[in-house]
Each structure stands twice: as structure tokens, then as C-alpha cells.
Amino acid sequence: MPELPDIKPFEERFKVLDEQLLAHDFFSDRKKAAQISREHQKLSSLLKKYHHYLKLSDNVRENQMLLKDVDLDPELKVLAVEEINDAERLLESLENEILIDMLPPDENNSRNTIIEVRAGTGGDEASLFAADLYRMYTMYAERVGWKIELMGSSVSECGGLKEINFLVSGEEVFKRLKFESGVHRVQRVPMTEANGRIHTSAATVAVLPEAEEVDIQILPEDLEITVCRASGPGGQGVNTTDSAVQIVHRPTGMMVTCADERSQQKNKVKALKVLRSRLLQQREEAERQKYAENRKNQVGSGDRSERIRTYNFPQNRLTDHRIGLTLYSLPQIMDGDLDVLLDALIREDYKRKIENLLK
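Each residue of the sequence shown is one higher than the one before, counting from 7 in the working numbering.
The hints are simulated quantities; they were obtained by calculation from the structure and are not laboratory data.
Where hints are given, some of them may not hold.
Each pair of labels, with its calculated beta carbon distance range [to be verified]:
id: 1; residue 1: K38; residue 2: D345; range: 52 to 58 Å
id: 2; residue 1: R36; residue 2: E291; range: 37 to 43 Å
id: 3; residue 1: E290; residue 2: K37; range: 18 to 24 Å
Below, computed lysine to aspartate or glutamate pairings styled on DMTMM-like, alpha-carbon distance capped at 20 Å [to be verified]:
id: 4; residue 1: K357; residue 2: E89
id: 5; residue 1: K21; residue 2: D107
id: 6; residue 1: K357; residue 2: E101
id: 7; residue 1: K359; residue 2: D107
id: 8; residue 1: K55; residue 2: E9
No residue lacks a Cβ here, since even glycine has one placed at the ideal position from N, Cα and C.
Using the sequences and the hints given, assemble the complete structure.
This is the structure we're talking about:
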């Protein structure tokens, strides 16, 4: 049976949290108290699994020693073999759960998430595909009870989307969607194609954990804020006032535009929320670059330039190139049935992280 990593650091951390829970001022900071309680509960579960694992391992060894007795009653021998087989199956499952619980937590997993979808190569067809991706994510959000809030959009002349930003709020949103970042390629016959030829186009997706003001401090003097009238398709509802807001972050050159609300102040708040999330992602990406070798052990880097998936409509086929997964249920996937795909990506990420943990 493989040897699990040392449990002592987790036991010591559990004792520290026990003491903090008993402190008289524990609830003075409710947010911190909630974080400590969640960590305490997770470690408690880990330690219970670990001790159960040790007990089962002892039982297996005892039964294996029993089988070496040449005078053992045949019926007892059969029972011992059955107990060993049952315990080993459970040990395998427990081992995997323990290793997952030992992985360093991703603090972003529980955050709400901003998703940016942009039409890439392919002209009108790319913008139509970007709209399809937006629909796919919103339908998935409806299935799992998440909330969608539009942050900004730009509609193409054919009715597609040049770009759309939206906030997804709910439980473990980033954990479920973080592997969607990258280039999504589509192969299908466009509605405008008279000869039935298959075209290839693409859209890019960025998945950003929502940043709070405490995460990213933005100095007012670093911002260049411009107010103008909304224009273009879809702007008729807001273009009676100068409500569109464009913010440029001078130190990085990042530009965010929001024109979806009638209120200039609401557009400014949304634009700042997107800007903070982009800056948080940039900072975290810089940190990951320091450990570039470890990125090979991840399912995806989160880079928008990385081609991650192909949607082949004539063959009813979706292929995720990072994990070599092919599914023949494209209509259901485009209608938001994403769990099989997302679960496979999360499992593969856990697998690679566990392999790294055991090195």
C-alpha cells in the first residue's frame, strides 16, 4: 500500500484552529471566523478519513497474517479474503479523497467570476459563436442556480457578439469554470454559406475571479475616466444620456468600457469591478510565471491564446485538447449541459496535482 504524505502539519494546523475557535473574541470578525470554521471543518474531515485509513490498513495486515496460518478454518479463510478485498477497495477510494484534501486550497475557488467572451478569427461567424458560448454559460448557470449579471457588451451587425463581459455569482463558481479560459474553435456551416462549406472560426474566453477592493488597491490618480454616449447596435436604450463609461488604468494601459446601464455611476462601478478582476489575474499570472515548471502539471494555464477546445457541429463532436476528451453530445452541451465536461477537467487537474504532491 502506498505511503501517504506526512499528516503532522495538518494535525498541528488543526490544533491551532481549535484554539482560535475557543477565543473569546472569535466572532468579532465574522468573515475571518467563517474562514476559520470552514478550514477547521475541512481539516476535521481529513483527519477522520486519515485515521479510518490507518484502521483499515491495520485490518488488512491482520487478515493477511491470518491467511498465513496453515491450520486456519476454510470458512474463516474465505471471510478473511472477502474482508481484505472490501477493505482494499475502500482504501483506494479513501486514499484519493485524502490526497485531494491535502492539496493546497485555491483561495479563488469560492469566488464569484467574471467571464469575458470575445469574437476571434472568422468575422460574423465568430461573433455568432461568441453569442452561442454566452448562451451556453448562461444556460449552465440557470441549471446550477447561479446568477448572471451583464457587465458590458458589444453587438455585431449580424446579431452576434463582438465582446461580452458578465459576472457569475454562486457557490464555487470559479472552481467549476476556471478551465474555460482559452481559444474555443468552432467548425460548422455558417447560415450565410450558400454552398454548404464548413468554416472554422474562433472565440476567446477569459475567466477572472472577482476581485474585492481589499484585493486590489487602485489609486484615483492612476485612472483616466471618460464619459460618452452609448452607440452602436443595442445602444438605443441608453443613448439618451452620457452614461457610457470608459476607464483606462494608466500604469498597465488596461481599458474597460461599460455602457449597459442607464446610470453613469452604475457603469463606473461595473467597469471598476472588471478592472480589479483583470489586475488580480495579471498579478496571479506573474506569480505563476515564477513557478513555470509547475504549470506543466496544470490542466490549463488560463492563457487566452491557448487553444483548448473544438466544437465540430457536422460531426456532433466536442473535443477538449488538454485532456484528450471527446464527447458526441454537442447540442446538449451548447444548451448548458456542461457537468460531464467540467467534472472531467477538475478530476484531471486533481490527478496532476496529486502526482506532484507525491513526488
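Quick one: which hint numbers does this structure break? Sort them smallest to largest.
1, 2 and 4
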